[in-house]
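Asker: What follows is each chain in one-letter form.
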Amino acid sequence: GQSLEQPSEVTAVEGAIVQINCTYQTSGFYGLSWYQQHDGGAPTFLSYNALDGLEETGRFSSFLSRSDSYGYLLLQELQMKDSASYFCATEVGGFKTIFGAGTRLFVKA
Amino acid sequence: DAGVTQSPTHLIKTRGQQVTLRCSPKSGHDTVSWYQQALGQGPQFIFQYYEEEERQRGNFPDRFSGHQFPNYSSELNVNALLLGDSALYLCASSLGLGQTRTEAFFGQGTRLTVV
Chain A
1 GQSLEQPSEV TAVEGAIVQI NCTYQTSGFY GLSWYQQHDG GAPTFLSYNA
51 LDGLEETGRF SSFLSRSDSY GYLLLQELQM KDSASYFCAT EVGGFKTIFG
101 AGTRLFVKA
Chain B
1 DAGVTQSPTH LIKTRGQQVT LRCSPKSGHD TVSWYQQALG QGPQFIFQYY
51 EEEERQRGNF PDRFSGHQFP NYSSELNVNA LLLGDSALYL CASSLGLGQT
101 RTEAFFGQGT RLTVV
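Respectively, the protein sequence lines represent chains A and B.
Going by the working numbering, 67 is the number at position 67 of the first sequence; the sequence numbering is gapless.
Going by the working numbering, 31 is the number at position 31 of the second sequence; the sequence numbering is gapless.
Extracted from the complex, chain A is given alone in its bound form (with noise of 0.2 Å):
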């Protein structure tokens, strides 16, 4: 089947940086999407990874190796607002696109 593993919990403390592992099994390939999805709001846009290498915006970066099928986000100087879930995305068939299941990211001060 086609699908996309995170780790499910992550902590880190104020300052320090973390990263967000996600493998992914699809047939075909079409990118790998980052989102951020604090509990009760919307899942919101963070990066977009369609070539192998990094991507960097601001505090948060993506990387993808298509010939691992493994990208990760790297967030640096980690705040408490990052406290959130992190889903690593990818479109399978045509538009149809699946979700990992998230990782939550605690950030303790």
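Keep in mind that the hints were calculated from the coordinates and are not lab data.
There could be a bad hint or two in this list.
Pair ranges (Cβ atoms, derived) [unchecked claim]:
no. : chain 1 : residue 1 : chain 2 : residue 2 : range
1   : A       : Glu77     : B       : Leu11     : 36 to 42 Å
2   : B       : Val115    : A       : Ala16     : 42 to 48 Å
3   : A       : Asp39     : B       : Ser27     : 26 to 32 Å
4   : A       : Gly58     : B       : Val115    : 40 to 46 Å
5   : A       : Glu14     : B       : Arg111    : 28 to 34 Å
6   : A       : Glu55     : B       : Lys13     : 40 to 46 Å
7   : A       : Asp52     : B       : Leu11     : 41 to 47 Å
C-beta: ideal position from N, C-alpha, C; glycine also.
Chain A is fixed; fit chain B onto it per the hints.
Answerer: For chain B alone, kept in the frame of chain A given last:
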């Protein structure tokens, strides 16, 4: 720009009833996708509408149907509600291409509770 708006925000229905959820996409967006999100899970793709046609469907039964209007707004209809349909229903809008090829904007969702 109001972004993606969904209505209602919360809804309680009884098993067997029917429900209609509504979505207005972000200004300029022509593609609307619907997702079901159970607590603690990622969004599950229901279907996508483009140019008033359903162009992709996920693994959901025919009880789930939709519509897109000429102004790109969309409705999700669920018939014969089951307890397991209780979830957050999210609408996402984007431009033309697949959701992950362009940035998708999500609404705040409709929390449906079936009792």
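Asker: Confirm or reject each hint.
Answerer: Hint check:
1. Glutamate 77(A) and leucine 11(B) have their C-beta atoms about 40 Å apart, which keeps the hinted 36 to 42 Å range intact.
2. A C-beta distance of roughly 43 Å is found between valine 115(B) and alanine 16(A), which places it inside the suggested range of 42 to 48 Å.
3. The hint said 26 to 32 Å for the Cβ distance between aspartate 39(A) and serine 27(B), and at roughly 28 Å that hint holds.
4. For the hinted restraint 40 to 46 Å between glycine 58(A) and valine 115(B), the CB-CB distance of approximately 44 Å keeps it satisfied.
5. In this structure, glutamate 14(A) and arginine 111(B) meet the distance hint of 28 to 34 Å, their C-beta atoms being roughly 31 Å apart.
6. The hinted range of 40 to 46 Å is satisfied by glutamate 55(A) and lysine 13(B), whose Cβ atoms lie roughly 42 Å apart.
7. Look at aspartate 52(A) against leucine 11(B): about 44 Å separates their beta carbons, and that is inside 41 to 47 Å.
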